[in-house]
Amino acid sequence: MIGQALPRLEDRRFVAGLGNYTDDINVDGQLYAAFLRSPHAHAVLRSIDISAAAAAPGVVAVLLGPDYVAAGFQGINHVPNPADAVAHAQAAFLHSSTGLILNQPHLPLPIDKVRYVGEAIAMVVANSLLQARNAAELIEVDYAPLDAVVHGADALEPDAPQVWDSAPNNLCFQTQIGDREAAQRILAAAHHVVRREFHHSRIVNCQMEPRAAIGEYDADTGEYTLISGSQGAVRQKVGLAAALQVPLEKVRVVCPDTGGGFGPRSFMYVEQLAVVWAARHVGRPVKWTSDRSDAFLCDYQGRDAIIRSAIGFDPDGHILAIDNEWIGNVGAHTVSYVPMSNGTRIMTSVYHVPVAAVHVSAVLTNTVPTAPYRGAGRPEATHVIERMLDLAAKDLNIERAEIRRRNLVRHDMLPYRSPMGLTYDSGDFARNMERVLELADWEGFAARREEARTRGRLRGIGLANYIESPVGAPRERIEMTVLPEGVIDLVSGTQSTGQGHETTFAQVVATQLGVAPQAVRLRTGDTAFVSVGGGSHSDRTMRLGGMLLVEASAQIIEKGRRVAAVLLESPCDAIEFAQGQYLDRPSQRSASLFEVALHVAHNGMPGEPSTRTLCAVAEFNGRIPAHPTGAAVCELEIDPDTGCVVLVNYSSVDDVGQPINPLIVEGQVHGGLAQGIGQALSEGCYVDRSSGQVLTGSYMDYGMPRAAVMPPLRIELTEDPTHGNPLRVKGGGESGITPATATIFNALADALRGLGREVSSDASGEELEMPATPRVIWEYINRAGRNSHAD
Amino acid sequence: MIDIELRVNGTEVRCPVPDETLLVEFLRQNLRLTGTHVGCDTTQCGACTVNLNGVAVKSCTILAAQASGGSVVTIEGLAGKDNMHPVQRAFVQCHGLQCGFCTPGMIMAIDFYLRQPPALDDASICHALEGNICRCTGYVNIIEAVRHAAREMYPELRAAVVEGSAS
Numbered sequence: 004m005i006g007q008a009l010p011r012l013e014d015r016r017f018v019a020g021l022g023n024y025t026d027d028i029n030v031d032g033q034l035y036a037a038f039l040r041s042p043h044a045h046a047v048l049r050s051i052d053i054s055a056a057a058a059a060p061g062v063v064a065v066l067l068g069p070d071y072v073a074a075g076f077q078g079i080n081h082v083p084n085p086a087d088a089v090a091h092a093q094a095a096f097l098h099s100s101t102g103l104i105l106n107q108p109h110l111p112l113p114i115d116k117v118r119y120v121g122e123a124i125a126m127v128v129a130n131s132l133l134q135a136r137n138a139a140e141l142i143e144v145d146y147a148p149l150d151a152v153v154h155g156a157d158a159l160e161p162d163a164p165q166v167w168d169s170a171p172n173n174l175c176f177q178t179q180i181g182d183r184e185a186a187q188r189i190l191a192a193a194h195h196v197v198r199r200e201f202h203h204s205r206i207v208n209c210q211m212e213p214r215a216a217i218g219e220y221d222a223d224t225g226e227y228t229l230i231s232g233s234q235g236a237v238r239q240k241v242g243l244a245a246a247l248q249v250p251l252e253k254v255r256v257v258c259p260d261t262g263g264g265f266g267p268r269s270f271m272y273v274e275q276l277a278v279v280w281a282a283r284h285v286g287r288p289v290k291w292t293s294d295r296s297d298a299f300l301c302d303y304q305g306r307d308a309i310i311r312s313a314i315g316f317d318p319d320g321h322i323l324a325i326d327n328e329w330i331g332n333v334g335a336h337t338v339s340y341v342p343m344s345n346g347t348r349i350m351t352s353v354y355h356v357p358v359a360a361v362h363v364s365a366v367l368t369n370t371v372p373t374a375p376y377r378g379a380g381r382p383e384a385t386h387v388i389e390r391m392l393d394l395a396a397k398d399l400n401i402e403r404a405e406i407r408r409r410n411l412v413r414h415d416m417l418p419y420r421s422p423m424g425l426t427y428d429s430g431d432f433a434r435n436m437e438r439v440l441e442l443a444d445w446e447g448f449a450a451r452r453e454e455a456r457t458r459g460r461l462r463g464i465g466l467a468n469y470i471e472s473p474v475g476a477p478r479e480r481i482e483m484t485v486l487p488e489g490v491i492d493l494v495s496g497t498q499s500t501g502q503g504h505e506t507t508f509a510q511v512v513a514t515q516l517g518v519a520p521q522a523v524r525l526r527t528g529d530t531a532f533v534s535v536g537g538g539s540h541s542d543r544t545m546r547l548g549g550m551l552l553v554e555a556s557a558q559i560i561e562k563g564r565r566v567a568a569v570l571l572e573s574p575c576d577a578i579e580f581a582q583g584q585y586l587d588r589p590s591q592r593s594a595s596l597f598e599v600a601l602h603v604a605h606n607g608m609p610g611e612p613s614t615r616t617l618c619a620v621a622e623f624n625g626r627i628p629a630h631p632t633g634a635a636v637c638e639l640e641i642d643p644d645t646g647c648v649v650l651v652n653y654s655s656v657d658d659v660g661q662p663i664n665p666l667i668v669e670g671q672v673h674g675g676l677a678q679g680i681g682q683a684l685s686e687g688c689y690v691d692r693s694s695g696q697v698l699t700g701s702y703m704d705y706g707m708p709r710a711a712v713m714p715p716l717r718i719e720l721t722e723d724p725t726h727g728n729p730l731r732v733k734g735g736g737e738s739g740i741t742p743a744t745a746t747i748f749n750a751l752a753d754a755l756r757g758l759g760r761e762v763s764s765d766a767s768g769e770e771l772e773m774p775a776t777p778r779v780i781w782e783y784i785n786r787a788g789r790n791s792h793a794d
Numbered sequence: 041m042i043d044i045e046l047r048v049n050g051t052e053v054r055c056p057v058p059d060e061t062l063l064v065e066f067l068r069q070n071l072r073l074t075g076t077h078v079g080c081d082t083t084q085c086g087a088c089t090v091n092l093n094g095v096a097v098k099s100c101t102i103l104a105a106q107a108s109g110g111s112v113v114t115i116e117g118l119a120g121k122d123n124m125h126p127v128q129r130a131f132v133q134c135h136g137l138q139c140g141f142c143t144p145g146m147i148m149a150i151d152f153y154l155r156q157p158p159a160l161d162d163a164s165i166c167h168a169l170e171g172n173i174c175r176c177t178g179y180v181n182i183i184e185a186v187r188h189a190a191r192e193m194y195p196e197l198r199a200a201v202v203e204g205s206a207s
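Protein sequence lines, in the order shown, are assigned to chains A and B. The numbering used here puts the first residue of the first sequence at 4, with every later residue one more than the last. The numbering used here puts the first residue of the second sequence at 41, with every later residue one more than the last.
Hints are computed from structural coordinates only; laboratory data are not their basis. Hints may contain errors.
Now the stretches of chain A that chain B is said to cover, found in silico as 3 or more residues with beta-carbon under 8 Å [stated by the list, open to error]: (1) 24-31; (2) 206-216.
Label-pair ranges, simulated between beta-carbon atoms [as the list claims (entries may be wrong)]: (3) A:558 to B:53: 37 to 47 Å; (4) A:198 to B:95: 36 to 46 Å; (5) B:195 to A:782: 22 to 32 Å; (6) B:53 to A:782: 21 to 31 Å; (7) B:58 to A:696: 31 to 41 Å.
By construction, the Cβ of each residue, glycine as well, lies at the ideal position given by its N, Cα and C atoms.
With the hints as extra help, turn the sequences into a complete structure.
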């Protein structure tokens with residue numbers, strides 16, 4: 004059952020149109036909310052006149068930031084500084100040279116200034132959506148526009164506009180990890196040093212379901228309810244209770260089907276808080292649904308980092324030291340520092356690096372807040388080291404796969420402690436790379452390049468290795484109950500945003516308990532019955548949840564054995580359990596797990612007559628080693644006349660640990676890869692650098708990957724087993740995306756070598772802009788005039 | 041207000057709505073057929089695709105009044121009760137969906153593409169899917185599901201060698 008490519012159990016309702024997303028839900032008596040959003044990236048709110056809006060037809064309330072504060076509520080605490088990747092009980096970032104690690108409360112509506120284009124200023128609640136929207140347009144705001152800063156490096160300039168008075172120089176924090184002096188000493192003496200600056204472009208999350216939220220308030224009990232799709236109901240509940248200043252038990256969060264997560268939906272949004280506040284204010288349920296235009300302006304965005312890298316090499320291409328500088332663009336509110344903690348931890352990747360250091364600056368700008376987006380720092384770090392290796396290979400005249408071979412952490416070096424403090428317990432990095440080179444016919448590439456040249460095409464090939472880290476929320480819980488009617492009821496603190504938990508959890512439990520997967524019922528996403536859990540992100544669901552399913556199953560089997568001993572009139576230790584049956588071999592009598600549960604329902608557990616269910620609880624809070632790893636190769640062609648890129652094929656070897664369901668794992672690889680291709684080649688979130696105006700506000704401007712984006716794929720799953728968890732799970736959600744931009748940019752640079760000059764090969768060289776759209780490539784080709792490709 | 045008369049999934053419905061009501065709003069809000077989704081506001085994503093008078097249309101870009109008098113099939117009416125349409129079966133079999141939000145629109149677009157014996161090369165299928173966006177799947181298994189369904193619906197296509205298909 005584990006390891007079987009079982010079609011998903013949840014799919015039947017989705018393909019029939021019976022999915023239940025937040026906007027599909029309507030609550031009796033609900034009103035509709037619309038938000039007035041800022042047209043300025045940075046402006047003082049001098050005054051807001053709501054009189055015309057309040058008097059408009061159907062309007063029930065118009066709410067502003069000061070109303071929220073006056074009611075005694077607090078801003079959202081996003082807990083931006085995440086749990087550390089190793090010491091989970093402490094935060095990832097402990098020190099700042101500024102003395103500050105900013106955690107700015109995020110009010111649902113601002114009280115002083117607006118800080119990005121699209122920030123909600125006022126909320127209108129009306130009898131119909133149209134009335135709410137029309138009334139929002141009647142609100143008169145007197146803005147005093149301020150200069151805006153949107154680019155991470157600009158924000159650090161001495162005279163840059165200040166986003167928050169509480170954060171001088173726009174620094175949320177600034178810190179040094181690793182021994183920078185030692186690294187710089189080695190670089191100063193190194194045979195060769197490669198230096199390069201990388202800009203990781205900003206990504207719009209673009210989950211297909213526009214966000215929506217329904218707030219309810221029960222004045223009799225003082226209880227709030229939020230119905231809203233997200234990546235984790237428990238986190239939302241904790242956040243809401245803190246903001247609303249009520250005990251946890253006064254808040255219920257219901258998370259129905261969620262149409263895509265990808266990271267940003269782990270965090271609370273102002274609209275989710277605003278609808279429950281408004282529900283209390285007006286005494287009726289309040290519903291809000293985003294449209295896509297809103298989503299482009301205010302859904303938390305991904306990436307946006309500047310990484311300056313310096314790597315020193317010996318004459319044979321061995322890495323001696325790395326000294327990096329990482330500037331993360333946090334946006335206008337402190338939602339998350341996760342990309343910086345993940346990315347810096349993993350920045351030496353699968354290579355043996357004697358000394359590494361990184362200087363981190365988390366900067367505020369007048370842009371949409373950023374949050375972890377699939378991979379969250381790891382694709383950025385992978386991109387940098389893999390590009391740097393290609394540059395070094397060229398400079399040192401070493402073949403590109405060969406320079407990697409010389410630097411890979413060998414299997415006999417495991418467990419290997421990286422200079423950034425992670426311990427790799429498993430992973431055959433060399434074998435993965437050799438296998439992907441074989442899959443991609445790396446050796447035979449020269450002939451294909453030559454053939455393409457005869458057609459006037461520039462063909463290139465690129466390679467990248469990758470590894471990930473076992474992070475995310477450290478706490479998780481599984482409750483398992485055997486119901487006499489033949490159901491294994493599961494309650495999990497993590498929940499699906501499309502990963503197919505109903506199927507994979509059923510496969511694990513079916514394997515452990517010997518029941519049919521159809522007998523397993525998974526319940527998630529409602530804090531009425533889910534008490535603990537971190538939601539789905541960072542590949543954590545099966546890593547933690549799977550381990551707990553095994554543990555809970557073992558508890559069930561042992562508890563049931565005590566009952567079976569009574570039923571079968573035999574001592575406990577004589578009773579075997581297999582295929583869902585307890586068997587007393589001497590008498591050949593047996594009882595099924597469900598018969599045992601029925602006995603418990605009627606008679607209670609032996610010695611505990613009041614315990615009338617056969618149930619188990621397994622909970623975990625900590626870190627377990629699990630490092631998904633692999634290698635990928637991309638081959639592509641550029642049409643030099645247009646700058647258009649065609650991906651010719653893509654190969655990857657992915658060690659996700661033991662795949663619970665290979666069909667689902669491969670689907671995860673496909674999806675991640677498509678997002679990586681999007682970031683590399685088309686998904687530009689363009690914001691005007693001086694005004695902060697958003698230039699890509701819809702699917703008509705933003706380069707979402709469409710069906711033709713995917714090249715022919717050769718994907719192979721492999722496993723060098725981890726012993727850190729009983730199912731040997733590492734994680735598959737981020738395999739596709741982590742090496743994607745690195746392989747593609749290495750292949751682009753390789754293809755452009757056909758022009759007879761190098762991309763970023765000299766000391767003053769610059770990287771191709773990301774995304775490398777046809778314009779970017781065409782301009783690169785034409786900067787130095789038409790060249791040898793045209794012969 | 042305007043009276044809408046529409047045949048929806050084989051049932052006649054009649055309902056007065058504000059003039060500006062879009063077909064998708066009429067389906068979702070008046071008829072509570074929430075399988076048809078709204079994924080954008082610029083006619084780009086295709087999550088709202090339904091079949092109107094035999095043609096796949098984006099129901100966010102047509103007024104209910106324009107559709108009045110016609111016949112609409114939505115995802116809920118594509119197959120008979122308790123049955124699945126071959127395209128729906130193919131999506132399950134090929135893991136053509138993850139979060140499921142784009143899925144109804146995808147299925148309705150593909151249903152239209154497969155109403156005649158289709159070309160099954162990558163370029164033709166991708167062209168047929170041009171108007172539908174998915175963020176989860178990378179489209180690989182959706183393209184596979186198109187082939188899977190086509191071969192079930194058109195047995196003569198089973199033996200055909202497909203050129204340019206993803207390996």
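Going down the list of hints, with the structure as the test:
{"no.": "1", "hint": "24-31", "verdict": "holds (count 3)"}
{"no.": "2", "hint": "206-216", "verdict": "holds (count 5)"}
{"no.": "3", "hint": "A:558 to B:53: 37 to 47 Å", "verdict": "53 Å, violated"}
{"no.": "4", "hint": "A:198 to B:95: 36 to 46 Å", "verdict": "58 Å, violated"}
{"no.": "5", "hint": "B:195 to A:782: 22 to 32 Å", "verdict": "51 Å, violated"}
{"no.": "6", "hint": "B:53 to A:782: 21 to 31 Å", "verdict": "55 Å, violated"}
{"no.": "7", "hint": "B:58 to A:696: 31 to 41 Å", "verdict": "33 Å, holds"}
Checked against the numbered hints above, the structure breaks hints 3, 4, 5, 6 and satisfies the rest.
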